[in-house]
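**Q** Sequence:
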Amino acid sequence: MRVITHLLQISSADPTPESVPIPLNPADTSSTQAVAPAPENILDTLQAELIVALVGVIVAGLLVMWWQLRKNDFSLQSAPKRPHDFGLIDFLAVFFLYFLGQFIVQQIAINFIGINQDTQQFDFASDSQYVRFNLIGQIVTYIPGILYLLGRCGFLKNGLKQFGFIPRKPLRDIKLGVLGIVISLPLVFGISAIMVIISHLLGENVPEIGHVLLQKLADSTTFEIPLLLGIGAILLAPVFEEIFFRGVVQTALLNMLGKQQRWLVIFLAATGFALIHLSALPSWQPLPSLFLLGLIMGYVYEKTGSLLPPILIHMGFNAFNFSMVLLSATAKGA
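In the numbering used here, the protein residues as written are 190 to 523.
These are calculated hints, taken from the structure and not from any lab test. Check each hint, because a few of them may be wrong.
To be verified - Calculated lysine-lysine pairs in the BS3-like style (CA-CA distance at most 25 Å, straight line): (1) 448 <-> 358; (2) 270 <-> 350; (3) 346 <-> 270; (4) 492 <-> 358; (5) 364 <-> 350; (6) 492 <-> 448; (7) 492 <-> 364; (8) 492 <-> 350; (9) 448 <-> 270; (10) 346 <-> 448; (11) 364 <-> 270; (12) 448 <-> 350; (13) 346 <-> 492; (14) 346 <-> 358; (15) 270 <-> 492; (16) 358 <-> 270.
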């Protein structure tokens, strides 16, 4: 457990506590903004167990990936069909509705919550009010675009299945989702650890918790905050974001760039997935991990044509990070 505590540091997506783990700074576990050690003392600060764990998680992830890929075709030449007439107009329509939802949420906050004149931020009366409003805002932001997608795909022949709303092979998709969690966790944690080591070598600070909602979780003293954050992070965010980034972005790019550019499409969608979290992150360290996670989920979606596997990977990943923050907060409060 001590190794995991050293390795984990959570950050996440906007507007939900999306997840990318970053290792804790073992030199200072008393504050949420760790102080970077001097570069020449990096090996003393990063304890031997951290180095062993770092190597172990990377090797474990690579071995699991190799074991699976040696039994399957890694190429995307036989990838399932997707709605061929879902293109730029649909892409723009969905994201217009997304930003319209964000605008509505912002106006509600301005009129009913108010703005603190000193900080120029929304003046929430309590953490509970903040978390409740964030969950409502998450739903209002995404639902209009999803309703458009369901209606649009409903008018296409086999549109819901080709888009990935209806699993093509449910049991296979569940198996791939679980396997994706097993593969992605050690790889992403390993990349996160490398980024933190690089940050220490450069003399940069590494925040212990990288998203305000997860900080609310760590500081929570009531059952309501973990419950609402869990609903948003583990249930809603994976569904909403995978529909948007894997479904909308990858499908639209695939039809615009052509089926021979599937890997480029996955790369671009993963880049967008990482960058959209930037506004919610206090530092750059989580971006490579988010990008890697996006690549894994994008590949699985492209290979299966189903949204279920990437949603399950996303859910499992967020659930693991959520539980680590909750366990850490519980241990500190004990």
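**Q** Run the structure past the numbered hints and jot down the numbers of the failing ones, going up.
**A** Of the numbered hints, all hold.
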